[in-house]
Each structure stands twice: as structure tokens, then as C-alpha cells.
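**Q** As a plain string of letters, each chain reads:
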Amino acid sequence: MSLTVDEVKKIAFLARLSIQEENIEQYSQDLSSIFGLVEQMNAENVDDIEPMAHPQDAMQRLRDDVVTEVDQREKLLSNAPLTEDGLFLVPKVLD
Amino acid sequence: MKNRSLTELSAGLKSGEFSSVELTQYFLQRISNYDTDLNAFITVTEEQALSAAKVADEKIAAGSATDLTGIPIAYKDLFCTEGVRTSCASKMLDNFIAPYTATAVEKLTQAGMPMLGKTNMDEFAMGSSNENSFYGAAKNPWDLERVPGGSSGGSAVAVAAKLAPVSLGTDTGGSIRQPASLTGITGIKPTYGRVSRFGMIAYASSLDQGGVFASSAEDCALVLQTMSGFDAKDSTSVERGVPDFSASLNDSLQELKIGLPKEFFDEGLDSNVADVVNEAIEAYKKLGAEIVEISLPNTHLAIPSYYVIAPAEASSNLSRFDGVRYGYRCDEPKDLTDMYMRSRGEGFGSEVKRRIMTGTYALSAGYYDAYYLKAQKIRRLISEDFKQAFENVDVIMGPVAPETAFKIGEKSDDPISMYLSDIYTLSLNLAGLTGMSVPAGFSRENKMPVGLQIIGNYFDEAKILNVAHQYQQVTDWHKKMPSAYAGEK
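Sequences listed follow chains Y and U, in order. So in the working numbering, the last one in the first sequence is 95, and the numbering has no gaps at all. So in the working numbering, the last one in the second sequence is 489, and the numbering has no gaps at all.
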């Protein structure tokens, strides 16, 4: 299996990763060899096998719908790159 | 001081032979002496360590100490530690101050263990060599030109060079067992669900599990005891009692049935490593164990399925790093998309980007069934292999890694060859079982350490710790230290 440069650009965009133009060819080679490895799975017929998502096949636990979080606004905002008046700041989204 | 077991250190503290402040200063001094070369630590928390040691000394004086009170510890830099930088060895989190503490760390802190610092690792735990770190590679204390393994390389180096008596790591595909093997120390990865993942920055959530590096199985048992148990804050933590891991350490191994999977002794295994592992098996025969050849026929599918499941989960987990709430943000973004793309593109290293893209592709529209679902089905097959094997044997043994520590730079340009070095460790994470690496000797060819892997059934940590401890009663491989760091200073 081989992934073209255009496919790599599309994947990078889906993942929201900027990739330097000069590195795209390398990523295309690397991803192609990774999927080459992955495709060894195709030799196996697993149609009747139940997929396994969790080692103990555990169900999600439920808890009472009550507030457990305390207000940590200042503390949590202190890690943000840019804030103003207790809000996260991002580049303008709407004109 | 550094050659004492945790039990001996605890006795020394309680008898007043030395204080926790003195013990902590001793290890801080060793870090200061040696870590410039080894690069095991990303952050040394000297001030916090000494003030925690002072509190520990007060507890000891008041008679309210546990077996771990006053003994310092180091944490892989993906365990969140409130008020202390938690970087995941990534530029993305270079300035991230964790606002809360991981449950495993919290439990050990409550027990009175001062934190020496945060250790080096492969960025976001993606790697098998510790070369993928924003802060540079950690070095193997047995040979500074070689890798210590990964991803928990720094935690392994800290214990191997005795910069810390014990440390925590995490294991998603071998990241505790492989560095333990490559640096000649003891490491345990518990059963999935045994230790809370709350506050461990996630890589692949259905595989990640925290565990311990120490100088012996006996020491691992003590620390694992305290950090284990159900945590309502981790939805995958298992509600199940934790047995006393130390109580069964001295059980006899008479009639123990050890399974040797023939797939772990194939042509890919370095003959020097095979020799060491076979010698260890001989020692177990002398201890009364019975050796049975078994088969785990789907072992060859572990790497292909792991490299779908882990990257898929990683691409989802790492989507939280968006340059908005925490972490790196690029300069002068021209719009929101540009901010996402460049913050992530500049903040993540190349292996992290490779895995995010692998996972994104595997999960993208139209490919889910062919990749992720198929990989989860194969995961079931691999898990069934183990289930069948454990009907006939008590533990499974084999090598940890196909070769000893490789040279820095040797595999860094070739992701596939790096991935293949995890062949004997990945399948256990896919199944969710517990496993250890125990020092078993040195390669005749390059004198580097070799670990023996011991795999246990679900929640059978007490059994594998017992099996490892009995071996450590009749061998002294776990007491060997690299000579450059063996001095008392």
C-alpha cells in the first residue's frame, strides 16, 4: 500500500497538523510502510470475531447526576496561552 | 545507602540511622553529580522534595509512618503533579503546570514519599528508545552511547544509576518492561484496570497502564501495593480488592508451571539474548518449576493491530492539544485553522505527528471497518491465545526484547524497525495482562543487560512478583550496577 503526497496532505489537514513541504515526501514513505505492516492483518479472516475494546469488557459505570467539580477557573486559565476577562482568547472566528 | 532495599531504607528511617531529609539530599546529590550525562530528569523538584522529606520525618517521629514514608521517588513526566511542570517530553507542554495530581502519585504522596522530580521519556510515550524527547535522549548508564529503551527511559535510568530508589513509568506497548530490560532493573506493568489512569496524560487509553521500576521484585511489590486499587475518577479502573503483594513473595515454586511460547523464541531473537533467557529458565527448573512449551499462534498479528489501535486512540486523545486551553500556541495565527495547524505542527515532534496521522487515516470515513474494527477483532484473537495458554500454565516466560540496548541514532530514521523491537511486549498490552522484566544477566557479545519477561494472568501480580522474587533469592543479577555510578557519592 502506498499513500500519495496528496493523501498525506489531506490526512495532515484532517488531523490539523501543519507539515513542512519538504517533509511531506518522507511522511508519505513512512505512512506507506506503516500501513504495509498493518495490512498483514488482511491475511486473517475475522468475520465472526467479536471486536475487543477493553481488556475486561467492562461496561461504563454510571454515577449520580450531581455536581462534583469545584470552581477552578483562575487555576485552569493560568495554563492558557491567551485569556481575557476569564475567557480563552482565539483568533477572530466571525466577521 | 543506595544499595539498600526499600524495606531496609524504611528500617533505617524508623531507627533514626538517617532522616528522610538526609536520604532525599543524598539522591538529589547523585542527580546533581550524574544527570548531566544521563539526562534522566526533565525537572528536578529539589525544594518540594526536601519539604516533603521534612514532613515525612515528622510523621516518622510521631510514629504514624507507613513502610514508604520518607523514601524518595521519581515520576515519569506524564503523571500530572499539581503545581509542577508536566511536559510529556513535548514542546507542546513545555510550559504546562499541572493543575491537579494523578491518583497514583497522590496515593504515594499520601504515604509520605517525597518526589525527586519528573523523568525523561519519549514524547507522549511514543517510542522505544527515549530518543523522541524534546529535552534530548536519556542515556543508558551501562553505555552512554546506547539508548535506555522507552518510552519510560528516564524512569528506568534513574533507578539503574540509583539516582532514585524507585520510580513510576507507564506501559502501553512495553514502555516499562523494555527499558527495565535494557537497563538491568526490575519493572512491573500491572493488569489493565489495576492502577488508576486518572492524571496520566493519555496516549492509547485502552492500553495505557502505570507501573513501577525498582531494584527488586520485593521493592516493586511495596510501591505497587500502595498505588493500586479502584478509583472512581477512572472509568476503566476495576472494582476489585487488591491482595497483599508482599505476603506471597516467599511461596515455593515447586510444581509451578511455566509456559514458553515458541513464537517468542523464533529466528528474530538475538542468540545472546536467547542464551541468557534460557539460563534463567534453567534456574527456574532448579527451583522446582515445570517447563511446558506453549503456542500463542497470533503473536505475529500483535504489531499490525497495535499500530492501528494505539495511533487511532492517540489521534483522538491528542486532539485536545489545540493551542487554546493549554500548551503551545504558534506566533501570530492568521485565523483559527491556521492556529490549530501550526500550533500542533510546531508543538509536536515527528514521531507524534506520524502516529496522529496514522490514526487519523485509520479512523477516517470509509476506513474504520478495514482498520480499527479489524484490529480490535485481532485483539480478541490475541487475548484468546493467552486465555487458552493460562488454562495449562501459571505464568508465561520469554525474552522482553529481541536484542539488547541499541546505539543512539541506530534506528531513529527507521520507524518500522523501531516498532518491530516491541514484538514480545505488545501482545500483553492488547490482552490487558500483567507482566514484568527481571534482570537475568548480560549479553556475552556486548555486555549489556538482558531481562527475562514474566507474564501473569489477569490480576495475578502477586504470582509474578512471587516468581520474580524467588529467582532474585538465588541470583544476584538485580544487584549489579554500572561501575561508573557504583560509588557511594
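Warning: the hint list may mix true and false statements.
As the list claims (entries may be wrong) - Straight-line alpha carbon distances no greater than 20 Å define the calculated SDA-like cross-link-like pairs of lysine to any residue that follow: (1) 257(U) x 286(U); (2) 463(U) x 244(U); (3) 377(U) x 59(Y); (4) 411(U) x 23(Y).
In case anyone wonders, no lab produced these hints; they're calculated from the structure.
**Q** All hints are to be evaluated individually against the structure, with a verdict given for each.
**A** Okay, the hints, checked on the actual structure:
no. : hint            : verdict
1   : 257(U) x 286(U) : holds (13 Å)
2   : 463(U) x 244(U) : holds (11 Å)
3   : 377(U) x 59(Y)  : holds (18 Å)
4   : 411(U) x 23(Y)  : holds (18 Å)
When each numbered hint is compared with the structure, no violation occurs for any of them.
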